[in-house]
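Add chain F to chain U, keeping to what the hints say.
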Amino acid sequence: MPHLAAVLAGRDGLAAICLATLAAALYTVFVLKAFKRYGCLDLFGITEIVLGKTAAQLLCYGFIIKGVLFSGFCLRVLGETVTGVIESPIPITAAVIAAALCILYAVENGLEVYTRLAEVCLVPFLLVLAFVFGCGLKDGKPNELLPVFAQSGKDILKAASTLLLWFYPIQYVMLSTPYINQKLNIKSCVKAVFVGGAVIAAVFAVTLMRFGTAQLTALAYPVLEMMYSVNLPSSFIERQEGLMLGIWTTGVFFTVGSVLCHCTEVTSLVFKGTSRGITSIICITAAVITALSAKNGSTAYLCMLNTLLIGESIYFIGLPLVLFLYDFLNNLREGKNNATKNN
Amino acid sequence: MISKNLEQNIAVVESTLTDWGDLVKRRIAVGDESRGIFVCYIDDLADRGLIEDSVLHGLIVDLRLTHTSTDTDIQALLDRGITTADIKYVDTMTEAIDEIMAGNALLMLDGFERAVIISAKGFPKRGVEKPENEVAVQGPKEAFCESIRVNTVLIRRRIRDTSLKCKQLQLGRRTKTDIAVMYLEDCVRPEILSEAMHRLNDIDTEGIFDSGYIEQYIQDSKYSPFPQVQLTERPDKVAAELTQGRIAIVVDTSPFVILVPTVLASLYQASEDYYQRWEIMSLVRLIRYVAGFFALTLPGLYLAVTLYHPSMIAAELAFKISGARSTVPIPSLAELLFMELAFEALREAGIRLPSAIGSTLGIVGGIIIGQAAVDAGLVSPMVVIVVALTGICSFAIPNLSLTSAYRLIKYMIILLSAALGLYGWCLGLLFVIIHLCSLKSFGIPYLYPFAAAHGLHELKDSLIRAPLNKQHGSIFKKR
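Chains as they are written, first to last, in the numbering used here: chain U, 52 to 394; chain F, -13 to 465.
Hints are computed from structural coordinates only; laboratory data are not their basis.
Please note: incorrect hints may appear among the correct ones.
Said to hold, decoys possible - Going by beta-carbon spacing under 7 Å, a handful of chain U positions derived as facing chain F:
1. I141
2. C153
3. G297
Unchecked claim - Some chain U residues flagged as far from chain F (calculated, every beta-carbon gap over 12 Å):
4. L55
5. E99
6. C111
7. L208
8. C240
9. I332
10. T336
11. L383
The model shown is predicted, which means the values in this text are computed figures rather than measured ones.
Just so it is clear, CB atoms sit at the ideal spot from N, CA and C, and this is done for glycine as well.
Bound-form chain U, shown alone (with noise of 0.2 Å):
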């Protein structure tokens, strides 16, 4: 992520990281609120009420492919990076089988399980974040934040609408309705798009002033290499960015997890009464597939980041825009139509 706001942006990666994460949040509020109306309806629900029974079930496809897609091309990245961080001997193969079928495990366990899981990962996951945030402190150079605003708003602006797609877990609060027993908490929603984004400004902000720009742009995992250049005194631990990969592997599979817990909801719903056993076994099937199918790494991250931008361009922005357009230009005509039968 990093390595991204900097090749977007620059230096000016941090603003447009603030941009985004401000955007994300009045665009939860703005989604969350519009759609309060339909209740326990999640976002498929509401696409078949307003676009019609047949757009809701082809949008439901694409959904499925587009995570299968962005799921299995992040396998494939996990694999690469194991096996070429932490110089281990296994197979790129046997790398993404493991963690596909960890991911399985969870995946059929249902959502509940992974919220808990979430849980009870945040905070050592905030901890370590915090020990490397310090690591990367140590030999930091603050002046390489400076000066701000050196690009031009334009180039800042669109930096921070692609950023913002890395905002795309918002549209699972959406997906998850149906399962919330409680009224849908909106503050909780946008303190989460805000911690969030603080996380990721931190992480740039860090890796800016241990790197400079330039670096920072030609780093692929600039938080592992800070890692791997952190040293240490009286630790035993020789390279930190062991403890890195393992919180790297975890957000992996939280964010592959969370995809295809979704997919496999969203499966079960087209194919109405096929268990949640298969249609996750399909579905993360069809990931590792895609996930050795990849050439190599670099084509597996390049295909990472286009499924993420175009499949989250339409499902994240683009579907909830139409349909709040189409839902607000049908209730316009419905008012029209009274009024004139009215009169």
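What follows is chain F alone, placed relative to chain U:
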């Protein structure tokens, strides 16, 4: 049904309990000689002294039965003649025979259509002794024994509250084991209580011989190695947990009481935690969690680092490990598994042997054989240290069932680490966490309060033990 004709009733008892050499039965003529009483009990299962002093003596002296005595007259005579308080009347022979087998005495009278059951259980039982598995330096030294009544008394003695309820039922088609379900009515969550009663009533088996049987029948996930109910031998712990809204299931013939619902955090708690100052006990709690983590992961971590990633640890340490391993002729995985299994065998042997020999075996096995194996170059000293540390860490966990679960899962992590290195270790750990997240005990998430908590205040009795006046109600409690 019980007949008015005593001879007919005696015939039923004798035909049902044929070849019961330990059955004591006697027909005694009382009143106007034409009437009689029949007493029956199992020798030593019922208290002979109580039957003779409080029942027979009074009846033989006072009973003035005549041909014209009605049921009401007889009942009045019985009420006057039997001086023990705990009696009841039954109307069928099946019930009467069940009561004999439970250790009570049966009394039947000529011309009376009911049987009198005198509670006279007098079987030999162990007294209240010190706890063996949950030893505490500070705090009560009483432990449960095999008698259900003694155990319920030990709990009642600690909670003098009218809302402490004790529902009693019998389980096991053949054993008809007495079970007491105890709870505080104004603390327990009704849905948890009804679920517990439902699961208990659903048990259909030949026999219940220990609380372990009940545990396996009522747990949520049959295929999980993690304990989903808590077994304890300490009455003070049960009493404290009852006040937190948990339910205690007391099983006759078992010195362990079951506590439900159970979460992982409760398995790390010991009753002593609340008897000493919170600062030190918080440290102890933290140490237990760290020890639990190492008991589960240390051998796997050692294997992953030495096999695949020696460059990840400090060079001096890596050289020491590889130097120590240079003379060992067997692969690291086999070496570690051999030592782990040897440790398991030692532990098992130590439990089965008398305590004096058990400690000797520990010394001989742990020190002498371990040293000899290292000297002979069969295993490296690092593996001995890792296995010993893992063992010590597992002993720091206050719950035996949780220790056993960790012992089992440890092998899965060892194998994953041997196959995939640190990555496998990480995935193994994730598997365990996912599994823990998927578990529930009577509807309560197993990882509560680390997951599904309603705020940070609910963590005050988990990783640390906050001061008693700062602790708030638990999730088990009725809100």
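Hint check results:
{"no.": "1", "hint": "I141", "result": "holds (5 Å)"}
{"no.": "2", "hint": "C153", "result": "holds (5 Å)"}
{"no.": "3", "hint": "G297", "result": "holds (5 Å)"}
{"no.": "4", "hint": "L55", "result": "holds (25 Å)"}
{"no.": "5", "hint": "E99", "result": "holds (31 Å)"}
{"no.": "6", "hint": "C111", "result": "holds (27 Å)"}
{"no.": "7", "hint": "L208", "result": "holds (39 Å)"}
{"no.": "8", "hint": "C240", "result": "holds (18 Å)"}
{"no.": "9", "hint": "I332", "result": "holds (16 Å)"}
{"no.": "10", "hint": "T336", "result": "holds (18 Å)"}
{"no.": "11", "hint": "L383", "result": "holds (42 Å)"}
Hint compliance for this structure: every hint is met.
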